[in-house]
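J.: Residue numbers (our numbering), protein chains in the order written: chain A, 135 to 518; chain B, 135 to 518; chain C, 12 to 337; chain D, 12 to 337.
Since the hints were made in silico from the structure, they are not lab data. Some clues are possibly wrong.
Stated by the list, open to error - A few chain B residues facing chain D, derived, Cβ under 10 Å:
| id | residue |
| --- | --- |
| 1 | Ala143 |
| 2 | Glu146 |
| 3 | Gly164 |
| 4 | Ile166 |
| 5 | His396 |
| 6 | Thr397 |
| 7 | Ser490 |
| 8 | Glu501 |
All C-beta atoms in this analysis are idealised placements derived from N, C-alpha and C, irrespective of residue type, glycine included.
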Amino acid sequence: MPITTAYEAKIEHISILDEKGNFDEKLGKGLIPDADLVKLYEAMVSCRQLDQVAFRLQRSGRMGTYPQNMGQEATSLGAAYVLRKDDWMVTCYRENCGLFWRGVPKEAILLHWMGDERGNAMPKPHWVTPIYVPLGTQMLHAAGLTMAAKYRGEDRIACTFFGDGASSEGDFHEACNFASNLKIPVVFVCQNNFWAISTPSRINSAAPTFAQRGLSYGMPCLQCDGNDLFATVHTMRKSVEYSRSTGLPCFVEMVTYRLGDHTTADDASRYRGKDEVDAWKARDPIIRLRNYMTARKLWDDAKEAALAERVEQENAEAVARAEGIASPDRADFFNAMYAEIPQDLVIQRETMQTHSLGQDPTQLPPEAQERAAQLAAEAAAAHH
Amino acid sequence: MPITTAYEAKIEHISILDEKGNFDEKLGKGLIPDADLVKLYEAMVSCRQLDQVAFRLQRSGRMGTYPQNMGQEATSLGAAYVLRKDDWMVTCYRENCGLFWRGVPKEAILLHWMGDERGNAMPKPHWVTPIYVPLGTQMLHAAGLTMAAKYRGEDRIACTFFGDGASSEGDFHEACNFASNLKIPVVFVCQNNFWAISTPSRINSAAPTFAQRGLSYGMPCLQCDGNDLFATVHTMRKSVEYSRSTGLPCFVEMVTYRLGDHTTADDASRYRGKDEVDAWKARDPIIRLRNYMTARKLWDDAKEAALAERVEQENAEAVARAEGIASPDRADFFNAMYAEIPQDLVIQRETMQTHSLGQDPTQLPPEAQERAAQLAAEAAAAHH
Amino acid sequence: MANLNLVQAINLALIQEMEKNPDIVLLGEDIGVNGGVFRVTEGLQKRFGEKRVFDTPLAESGIIGLSIGLAMGGLHPVPEIQFEGFLGPAYDQICSHAARMRSRTRGAFTVPMTIRIPVGGGIHAPELHSDSPEAIYAHTPGLKVVMPSSPYDAKGLLVSALRDPDPVMFFEPKRIYRAFREEVPEDEYTLPIGKARTVCEGDDLTIVSWGASVVQCMQAIEKASESGGPSIELIDLRTIYPFDMDAVEASVRKTGRCVIVHEAPLTCGFGSEIAARIMEKCFLELEAPVQRVAGFDTTMPYYKLELDYLPDAIRVTRAIHDCLAY
Amino acid sequence: MANLNLVQAINLALIQEMEKNPDIVLLGEDIGVNGGVFRVTEGLQKRFGEKRVFDTPLAESGIIGLSIGLAMGGLHPVPEIQFEGFLGPAYDQICSHAARMRSRTRGAFTVPMTIRIPVGGGIHAPELHSDSPEAIYAHTPGLKVVMPSSPYDAKGLLVSALRDPDPVMFFEPKRIYRAFREEVPEDEYTLPIGKARTVCEGDDLTIVSWGASVVQCMQAIEKASESGGPSIELIDLRTIYPFDMDAVEASVRKTGRCVIVHEAPLTCGFGSEIAARIMEKCFLELEAPVQRVAGFDTTMPYYKLELDYLPDAIRVTRAIHDCLAY
Ligand SMILES: Cc1ncc(C[n+]2csc(CCOP(=O)(O)OP(=O)(O)O)c2C)c(N)n1
Ligand SMILES: Cc1ncc(C[n+]2csc(CCOP(=O)(O)OP(=O)(O)O)c2C)c(N)n1
Ligand SMILES: [Mg+2]
Ligand SMILES: [Mg+2]
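With the hints as extra help, turn the sequences into a complete structure.
T.: Right, dumping it as structure tokens:
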């Protein structure tokens, strides 16, 4: 037969609790115990509220650029809920909800965006990495972290998150390819929120799905409604079980939407219409879950009010902790460079306030040293 | 329905003249006119013979490292035969047969491997690019060249070649993704010859095929027997027609085998067995075609003998042209850098024989200049 | 004459050259509808259409690799890399191809391309949004490297870049994108790539700088003159490669003392080349070692500490005194 | 004691450290069964198994990115980049992550990793197989950069790198991989990263060099002494960052004259930093401008002309004379 079939593939889409409130009993029943469901809901509400707090902090000059997570809470949360506490979670910057569930202190995330490296000093053991800025690069680290665990005979796996835009980076391809060919159990999760700043997702992929990016590597691929916590939990269960049992990677696309601006430095109204945003507001993962819980008598307005109060309090405390930290010492950025600081850096650190870098103080004739120091002092004074 | 189908795909494998000599009339009949077939066969034999000549040149110190094409002649030749003469052919370094068909002078390729940039100065218009050394990088240039043509309203497309190993590079992903999303008609051809130096192709892809690398981007993908000229021609026809008519990219995997060492610097016996190589020798595209033509009375031993003689002659002349070129001037590598050479480079070029770079001759007291020049002369003499 | 800031001056230069030369195309992340995250390409897609001004997938190597192909194909692409911190993924296409194409093909293929890159610190941006990698590209033969310090210079230099037959790295100091305005002629003018500008003349000491640091230097010079201090000559290099050593040499031969100021880390920063050349060319005239005021040999700190890292008027003043006291 | 060439010395260092430290893993293109294209890892996969010595897909960013993850996960990966010309695709992972991980996380994550890279020209190799990018990485805070010039140094320095808690770029001058052998102790010894070696002492002039160029310098010095020439001190930097300025300073304060020799392009090559520092530290003792003998500011030519590009004993001798004649 001259024409034969070399390869065939099929990708499923999973939805359990849809935007109209329809709930699929077959897949959904018993998927998440009611007690957990309430906690998960509360986590989403808390994350959403922190977004608003952060936004205000930025606008009032108390924080730098901040990327809101609004609308995407169910994606990383579903993953964090399913993962073992000692599985690696290697994320980008729109996975706060999942990170907080894993126990990352809110002030760590706040500090990062307040321009303070100490926000990246993840208290161990959370099995999470700090915020990543260069897109598409963290998935390779997820593969390495997992391979190191495998090397030690641990059955730890990793789940790594990245956006529709980030999946265009070459490192994305290399990470998937390395994980597949070197047999590293990583669950690759693409958060397709339809936008990369102002760039619509079709410019990052003209293909019908982002899920099929995994087919290149022969990975099992799934797509799910990322605004449906039940769907993200179900999809992650299947994926995590697959990777842990086979030691191989797999691929997930979570279809969601960025309800806010890209960051506080962005104005989304420049490039997308209100109608589109409104349509997605109706698909808000929080509203959807609240309606479901209310119908199931797991939730009511009183509980909501109490939660709102508690959350506001908690988040205010987190902000206080973030703002309460002593301001960093300018010596820090020298001391943090190497395990053992090179002599030349010591000199730079010690003389940064007293001499120019080209100057070897010891070379100056003593009186000249004094003159220079004195002139410098005067000048400094003149500046203030 | 909670579980729906998000995507389905199927990839066909095409074979027309198989290694046992079976010929599929349905696909193969009239595909290549007999007159062309003979010319194509002669081109493969000529390319194969040049490989042997080049090998001897390298061993006798008349050429640097050289990568033989042996066994893969039918891949790039099939493409070159199908492409329009003004379509871009953007290749790597194992596509000599196709390049020669397009009219690239053999001495150009030889000069490149003889360590002479003039081998890359492709005489225009051949619509081909020179040899590329950094793997996986040329496909993006193919996309750009084609987009530039499209910008001018030309219907020129591009065909770009790369290996199984090169398809692991991030740039490969970015090239396919750009071509697909920005709608650039490029036919991506992966030559899967089962090896990347000593690395077996399964380490570069654990997936069943390399063809499915194109599914990420929603491209039509085909796989064919790369040692079957009829299959490569048929597959390229379908692919080229698709890209020219739709203005979109598509993907092809040609399954072939590298019969020789990776390059003259390599010893393949270190990492692969004789049995494997022998099995593939039986699938040699040249033998296969010769048997077919002989059976069809298009070819016989007399013709073969005459061809061998002619080819040896032609290739000897190409070598003579490559070796006959005047040796390059050391000023060349300065003059070739910019359209207009910066003053500092002029000084470096002019003083390279007379002064160190740190020296500003004009600053030297005249007598010192003389002394320096004289000492230098003596020293130089002492060296010879 | 219009009173423009740096962003507007670049935008104007792009418009005027695009109208003259149909082969100029703009591409990059968010440069279309959004006009770029700094709004430098604001309104250009509307004006010139999606064919000449288009958004790309999010991949810097792809952006530069595609642009190289466009240039080999006869166009003059103007890719924007959103921040200098994201040049990394494009490093290979820039240095292994754009910089080498002309020489490796002996002119059969060339890469007329202007890569626009916001550069430098001081705007309280996140990590990898505040670096100064100019020395990396100055050390890569085959490229030209430009960094304007004012709206007027930006327009004149960009027009030259857009007409250059070779690849130009056009670094735009984001700290002064909107810091000040100045008179910028509507009419066509160019500033030659490779020529420095003497910002102010002086006899006691020469300051050599480029990019946003030039502004810090001017502040230091003002302070100095207020307090009846030394007479200082300030040279804005404008172009990092090819650099105008003649201007530097002439000035230092006159003053005998020099301070170099840049944001990039000290070690192997471009200041080291200037310092070495000054020694080579002005050895006999030099009265004190050339002083360097630069970023430290550390990673650029997050913004809480960035002002401790970046050269400012105080540090420049200190260097002036160190140098004069020698 | 064994009489080894550079390749064998590195191979021995790897074996000995891998036996001591189970967390060391080797990865790269063709390093397994094939033992690397230069056979540096010959026999190591057989000896330590595929778990500790493995081939990767053909992707340099992936190799380094994976290694960074391995290091963050507690191992000490030793990735090999097949040739320095292919560092380009890995530039971003090296400079945006490996170099920054410790400082950006304030030590919560670190990257103990030794990147092995054959470097330099002179072996008649194809394009992009003969460059010298050390200055690029010396300008990137957070990295250490090492380049040995002999088998003995290679072993001692590599062992130090394999025990270093921070990322080390270990450049191996391919031109002298097999050029000569010397006595290399089987027994454990280390050479400190950051310390230079005085190859020979002299009073009239100091030569500072590193990597394969050191050999060219020694030839020039021999010639000079044969013809009863000047007394020259040769300093092999061994480590590019952190570099041993104390050794250079002490020597130049003594000789008053200095020639720097390296293969990389002149402009912003590491020689510029050394030259600038010498001026800063030895201004009063310097009797002539520091001379630089380096690659030219052009792309490394294909091999027909590579010997015209690379510094050789003749050019070094010329610089010695230029410097002494001043
Ligand atoms: C390598 C790199 N290039 C560019 C940027 C600038 N940038 C920050 S976020 C962003 C868009 C990201 O889109 P996506 O990956 O879809 O994630 P999302 O913001 O939608 O969650 C861009 C271009 C970056 N951070 N890193
Ligand atoms: C970016 C890059 N990395 C590494 C190399 C060194 N190298 C040259 S050829 C080769 C193997 C290529 O394998 P493949 O892509 O399958 O092509 P083939 O040689 O089999 O035709 C390698 C690793 C290179 N040339 N470029
Ligand atoms: Mg997105
Ligand atoms: Mg191959």
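J.: Now look at each hint and say whether the structure bears it out.
T.: Status of the hints after comparison with the structure:
1. Ala143: violated, 23 Å
2. Glu146: Result: violated, 26 Å to nearest chain D Cβ.
3. Gly164: With a closest approach of 40 Å, the Gly164 (chain B) hint is violated.
4. Ile166: Hint on Ile166 (chain B): violated, closest Cβ of chain D at ~34 Å, above 10 Å.
5. His396: holds, 9 Å
6. Thr397: holds, 9 Å
7. Ser490: holds, 3 Å
8. Glu501: With a minimum Cβ separation of about 9 Å from chain D (threshold 10 Å), the hint on Glu501 (chain B) holds.
Violated hints for the displayed structure, listed by number in ascending order: 1, 2, 3, 4.
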